[in-house]
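> Use the sequences and the hints to build the structure in full.
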Amino acid sequence: MATLTGTDGSDSITGTPEDDEIFAGPDSGPFAANASGAGAGDDFLYGLGGNDKLFAGEGNDYADGGEGNDFLYGDFINEYPHDGGDDFLFGGAGTDRLQGGAGDDILEGGAGNDFIVGGPPSANSRVFYDTARYATATSGVVVDLRITTAQNTVGAGTDTITGVLNLTGSSFDDILTGNNSSNTLIGGLGNDVLDGQGGNDTVSYTDAGGGINGVNVNLALAGAQNTGTAGIDTLIGIEHLIGSAYNDNLTGNDVGNRIDAGAGSDTLNGAGGNDRLDGGGDADSLAGGTGDDTYILADVYLSFSFDTVTENAGAGTDTVEVRRVGKVGSYTLGANVENGRVAGSGAFNLFGNDLGNSLTGNAVANLLDGGAGNDGLFGGDGADVLTGGLGDDDLNGGAGLAQGGDTASYASAAGAVTVDLGLAVYQDTGGAGIDRLVNMENLTGSAFDDTLIGNNLANKFDGGGGVDLVSYAGGATGAVVYLDGTGTNDRDALGDSFVNVENIIGSAAKADRLIGDGANNGFTGLGGNDRLDGGDGKDNLDGGDGDDVLLGRAGADQVTGGLGADIFAFVEKPSAAGGHDRVMDFEHGIDQLQVDASQFQGGLVAGGTVTLRTGSDPGTVGLAGGTFLYDTDDGYLRYDMDGAGAASAVLLWVLQGVPSLTASDFLIVA
1 MATLTGTDGS DSITGTPEDD EIFAGPDSGP FAANASGAGA GDDFLYGLGG
51 NDKLFAGEGN DYADGGEGND FLYGDFINEY PHDGGDDFLF GGAGTDRLQG
101 GAGDDILEGG AGNDFIVGGP PSANSRVFYD TARYATATSG VVVDLRITTA
151 QNTVGAGTDT ITGVLNLTGS SFDDILTGNN SSNTLIGGLG NDVLDGQGGN
201 DTVSYTDAGG GINGVNVNLA LAGAQNTGTA GIDTLIGIEH LIGSAYNDNL
251 TGNDVGNRID AGAGSDTLNG AGGNDRLDGG GDADSLAGGT GDDTYILADV
301 YLSFSFDTVT ENAGAGTDTV EVRRVGKVGS YTLGANVENG RVAGSGAFNL
351 FGNDLGNSLT GNAVANLLDG GAGNDGLFGG DGADVLTGGL GDDDLNGGAG
401 LAQGGDTASY ASAAGAVTVD LGLAVYQDTG GAGIDRLVNM ENLTGSAFDD
451 TLIGNNLANK FDGGGGVDLV SYAGGATGAV VYLDGTGTND RDALGDSFVN
501 VENIIGSAAK ADRLIGDGAN NGFTGLGGND RLDGGDGKDN LDGGDGDDVL
551 LGRAGADQVT GGLGADIFAF VEKPSAAGGH DRVMDFEHGI DQLQVDASQF
601 QGGLVAGGTV TLRTGSDPGT VGLAGGTFLY DTDDGYLRYD MDGAGAASAV
651 LLWVLQGVPS LTASDFLIVA
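The sequence shown begins at 1 in UniProt numbering and counts up by one.
In case anyone wonders, no lab produced these hints; they're calculated from the structure. Careful, some of the hints might be misleading.
Calculated pairs, DSBU-like style, for lysine-lysine (alpha carbon to alpha carbon, straight line, at most 30 Å) [as the list claims (entries may be wrong)]:
| hint | residue 1 | residue 2 |
| --- | --- | --- |
| 1 | Lys460 | Lys538 |
| 2 | Lys538 | Lys327 |
| 3 | Lys573 | Lys538 |
Structure follows, in structure tokens:
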């Protein structure tokens, strides 16, 4: 901090861009100290004796005129976005002029007959809340903001006050009167009369109390009331209260009150009206009474719990505003509270109750769970998880796409759900009521067998428990899906991801490529020439319309070609342990059985003709190597690699309802 001191003559000193202390010289000559234009430092300007001019800067400055008739100016940089600092101007003895300027300034004329002028609105139309302060008065003051000419304050001279919204009294018995604007009145110690007049007015007890004792104030009481530590006050035309830093008991009236308790363990009661209650620090008890009340929960106490909220049934539609505090990031709405919203910049989990709740997130990732009831959930700008719960719910993810998308979760559903992200209207989910989903990118299913349908964005599907299905039936380009993660999901499934999803339905109009994993997968191709690959597991493949290729692979699979000329492929090495496929609709002369020469060996050649023995229980006597055996009684199709050798014939397919088979039904590939 730089210290600048004047000389014995008449001085003019301009501060530095840093925090400065600027003193007048030891004489009583004219002195001008200018902190404006010198940066945003927080400066101290002292006029001492003489008639001084002190100009505050952009920072939060203190200017003391000392003795003499002084001119003190708050920051007069009044250009957007600079609203100036919040300055404290103290005139001292003499007839002083205090001009608030930009910022929310405190103007105290001190002894003498002073001119106190609040700052004008800023260039961006911000209204500044300047305060005329009488804390150093030697007796009680009488100040009326309705009077814009000179008025006898009794305890601090005859002052002229204009453009000021707030008043602070002395330590004695004061009478403070507001005007038609919204005023804040601070009586201080003493037995005060605080009259707000018109507007929405506030009485503040910020400086009251001591030890653990705060104030007891009831806005519904007419006449004098004992506040405890701030004297016996009379409150007239007051709508709002600010408590002390200690344990307060604050009660509203039948209008909409705003009660901010500050620190301490406070008890707040809004009584009637639509109230806003903020307990501040420590463990508070909040009761809104009748009306649509809002509770601000912005802190936790030693038990890592938020303030206690008490609401009665049928006493209005109430809202809790809550935010993350340290590691505490979860809250459940109490009984008879309908709505909740997340404030602040931290991730938070907000849970509803059995009522119809409205839950709103903030700009980061939230978990919003409506619980029972018909709920409305709005995620905000983060990547949110929304759970409507029981009831008919509205889920709106907000603008979370850039952060990974918003998720509609049905993990707690009482039964299987069918959910379509592409529908913007109410849809019957089955196990979780009739919901409407807007701005949702991702889906989480229930513990049952769900059907999940995405939209034209990148979707993340988590089937949860049960055997779950994702459908691309309405897709325009066909789906390419790799449940095993070996490839890139593409076309209708571009950007999509899958967890706990077993079954896929492809496009009704275009060709799909569906690849399974180690689970028991169910794939349906619908229209188009599809390629369905079950992977490991006991799979169920249905090609639907079109000329499809179906690969069951390991496991006992069931495959259906549907309409069209289909290929049933066996591309692995035949093995008794590898499983076989049951073909439900093979058509002799139309469909084909595809085998891989490199895997089957036995002399098979790509593009060649197979050796086939058919009949009722065809035997292996005199059988050459590389021969297929088809039992026309049961449809069992086996392959014997070494003919009459030691190796047994391996079952490949069971052809359902196929009385005859010829070599032309086979296709050998490399």
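> Take the hints in turn and mark each one as holding or not.
Taking the hints in turn, this is what the structure says about them:
1. Lys460 <-> Lys538: Roughly 25 Å between the alpha carbons, so the hint for Lys460 and Lys538 holds.
2. Lys538 <-> Lys327: Violated, because 46 Å separates the two Cα atoms, which is more than 30 Å.
3. Lys573 <-> Lys538: Holds, at about 18 Å.
Hint check: a violation occurs at hint 2 only; the rest are consistent with the structure.
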